[in-house]
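Build out the structure end to end from the sequences listed, making use of the hints.
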Amino acid sequence: MMAAVIERRWLASTLFLVLLLALWQLAGALDALPDYILTPSAVVAGLGEAHREGRLFPAARKSMFRLLAGFAIGSSVGVVIGLLAGVSRVAEDLADTVVSLTYPLPKIALFPIVAVWLGFTDRARILVIAISCFYPSFINALAGTRGIEPRLLWVARNAGASRFRAFRQVVLRAAMPSVVTGVRISLALAFILTYATESLGAGRGGLGELIEIGQDNLRYPLMWAGIAAFALLGFAADQLWLRLSGRLLRGQRVEAIGRA
Amino acid sequence: MTSSRAEQRSADLPQAAAPSSGNDKLLSVRDVTKAFSRGARRVVALDGVTVEARRGEFLTVVGPSGCGKSTLLHIIGGFETATSGDVEVDGKPVTGAGRDRGMVFQKATLFPWMSIERNVAWPLDVAGVGKSDARDRARELLELVGLHGFADAYPGELSGGMQQRAALARTLAMEPALLLMDEPFGALDAQTRELMQEELNRIWQESGTTVVFITHDINEAVFLGDRVVVMSGRPGQVIDDVRIELPRPRSAETKGSKEFGDYHLHLWSLLRGEAAKAETVRR
Chain A
0 MMAAVIERRW
10 LASTLFLVLL
20 LALWQLAGAL
30 DALPDYILTP
40 SAVVAGLGEA
50 HREGRLFPAA
60 RKSMFRLLAG
70 FAIGSSVGVV
80 IGLLAGVSRV
90 AEDLADTVVS
100 LTYPLPKIAL
110 FPIVAVWLGF
120 TDRARILVIA
130 ISCFYPSFIN
140 ALAGTRGIEP
150 RLLWVARNAG
160 ASRFRAFRQV
170 VLRAAMPSVV
180 TGVRISLALA
190 FILTYATESL
200 GAGRGGLGEL
210 IEIGQDNLRY
220 PLMWAGIAAF
230 ALLGFAADQL
240 WLRLSGRLLR
250 GQRVEAIGRA
Chain B
0 MTSSRAEQRS
10 ADLPQAAAPS
20 SGNDKLLSVR
30 DVTKAFSRGA
40 RRVVALDGVT
50 VEARRGEFLT
60 VVGPSGCGKS
70 TLLHIIGGFE
80 TATSGDVEVD
90 GKPVTGAGRD
100 RGMVFQKATL
110 FPWMSIERNV
120 AWPLDVAGVG
130 KSDARDRARE
140 LLELVGLHGF
150 ADAYPGELSG
160 GMQQRAALAR
170 TLAMEPALLL
180 MDEPFGALDA
190 QTRELMQEEL
200 NRIWQESGTT
210 VVFITHDINE
220 AVFLGDRVVV
230 MSGRPGQVID
240 DVRIELPRPR
250 SAETKGSKEF
260 GDYHLHLWSL
270 LRGEAAKAET
280 VRR
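Here the protein sequences line up with chains A and B, keeping their order.
At position 238 of the first sequence (counting the first as 1) the number is 237 in numbering that gives the first Met the number 0, and the numbers step up by one without a gap.
At position 153 of the second sequence (counting the first as 1) the number is 152 in numbering that gives the first Met the number 0, and the numbers step up by one without a gap.
Source of the hints: derived by calculation from the structure; they are not laboratory data.
Small disclaimer: the values here were computed from a predicted structure and weren't measured.
Heads up, a few of these hints could be off.
Unchecked claim - So the derived label-pair ranges between C-beta atoms look like this:
id : chain 1 : residue 1 : chain 2 : residue 2 : range
1  : B       : 185       : A       : 101       : 44 to 50 Å
2  : B       : 156       : A       : 200       : 21 to 27 Å
3  : B       : 95        : A       : 253       : 32 to 38 Å
4  : B       : 275       : A       : 90        : 45 to 51 Å
5  : B       : 271       : A       : 257       : 45 to 51 Å
6  : A       : 258       : B       : 205       : 37 to 43 Å
7  : B       : 201       : A       : 253       : 20 to 26 Å
8  : A       : 258       : B       : 106       : 21 to 27 Å
9  : B       : 131       : A       : 53        : 31 to 37 Å
Beta carbons: idealized from backbone N, C-alpha and C, even for Gly.
Structure follows, in structure tokens:
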């Protein structure tokens, strides 16, 4: 029965998406769209065009390399420091003020400074993406450890578990739903920052540059190809993360990803 | 201090046995006071509480909400410390939490990321019991609490009553000399609750452990207890200690008996005033 319900919901959301795309396509066929808004079929054609020109895959590879490197570094450092701050008063005091002060800063504003140091290189872009990914992962990992149900720790005390065991087997596991939520937000931010860093400075490459080239030369199919590639990769990455966390966190799925 | 009051009030009912002697006495709470500061105010939660329990006895503690009965249990469990007075279990002073005093909380505190079986086996794992032995023991305990066939389920997949059964099994895995239960059925619906009371009765008789059971439900206190300790509203004091001489095993019919009704009436007469006071204090 459960499977049937899930299937029906999946079907409903897919049908709705198809309907939106059909309306969009129809609006284009009726000439109701300005020339810079392409129809879905023209976007697909744009992807084909970018591919034939040999631009699509190299650009996507370059973007994904930067994105995944920045995401992996930033979110893992964020999670580790967040968990430490959650269990150590000293670590929390050290990290908290710095994080609070720098959190509201748009991280892309650091890119010009980083570029003075590292040049407009992959390393500079990865660093800016990583800095941005750090925050949601840190904040959620900290909240996850701080917000742990205190009775769970009493259970561990009652059983005579050492502090280390309680941290490893109770605190860490209890914080996981919060941790994966933070990492998921970091993943979305990585896409935003990848585009942002690829639209600034020299040596851009990547899908960001593809979009810029399309715009500068009024080649809208190229522009849309870049946007569509970002959207599809972003969707795939998010789904992959949801599935992975759902599989690893059996028993905590609803907390972690909002569905059983 | 409270004994004269207690004698007066329950003159028409059988009295609690005189304090037992020797190693028959498992739990001894002597003159325990607990105060904490809330802002500038000093709140006294427990005031000179003295309670004893014999080995194998089922002791229920009933009192209005906010009377500090949970605090008392937490102190016995070693999770909180008393401001003054002392607590001994099996002749040893309580200095912290320990496996000899197993706690069952109001909300089932199972680890949601572990299967029911692994939850129950966890205390054994902590104690260094081998994996397969721990598993076998966990299966036995699940059988005891009526959760046969749910070993591989996760806590989120079980009802509240079943979660409490599993939590009880996990606590029993520590083989505590003293089982401390903090309104364990308080969050359950009325029917599940009745069922769980009967089940607990059976499990207690099978395991032979000593129980201190906190509740605000008079029916529950009488149905389960060998003795009911009655506490006043804040500051919590013991105002009566009633021996319940209903035959065992007790069943649903027990609750319909005249004796049951008499106990209920007596306890309610004690608690009515306290409950009313607690109610006005809150307003």
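Consistency of the hints with the structure:
Against the hinted window of 44 to 50 Å, the Cβ-Cβ separation of residue 185 of chain B and residue 101 of chain A comes to about 46 Å, which satisfies the hint. Evaluation of the 21 to 27 Å hint for residue 156 of chain B and residue 200 of chain A yields a failure: the beta carbon distance comes to about 53 Å. Checked against the hint of 32 to 38 Å, the C-beta distance between residue 95 of chain B and residue 253 of chain A comes to roughly 35 Å, which is consistent with it. About 50 Å separates the C-beta atoms of residue 275 of chain B and residue 90 of chain A, a value consistent with the hinted range of 45 to 51 Å.
The supplied range of 45 to 51 Å is met by residue 271 of chain B and residue 257 of chain A, whose beta-carbon atoms lie about 47 Å from each other. As the Cβ distance of residue 258 of chain A to residue 205 of chain B is approximately 41 Å, the hint placing it in 37 to 43 Å holds. At roughly 33 Å, the beta carbons of residue 201 of chain B and residue 253 of chain A sit outside the given window of 20 to 26 Å. For residue 258 of chain A and residue 106 of chain B, the Cβ-Cβ distance of about 23 Å falls inside the hinted range of 21 to 27 Å, so the restraint holds.
Distance hint check: the CB atoms of residue 131 of chain B and residue 53 of chain A are about 60 Å apart, inconsistent with the given range 31 to 37 Å.
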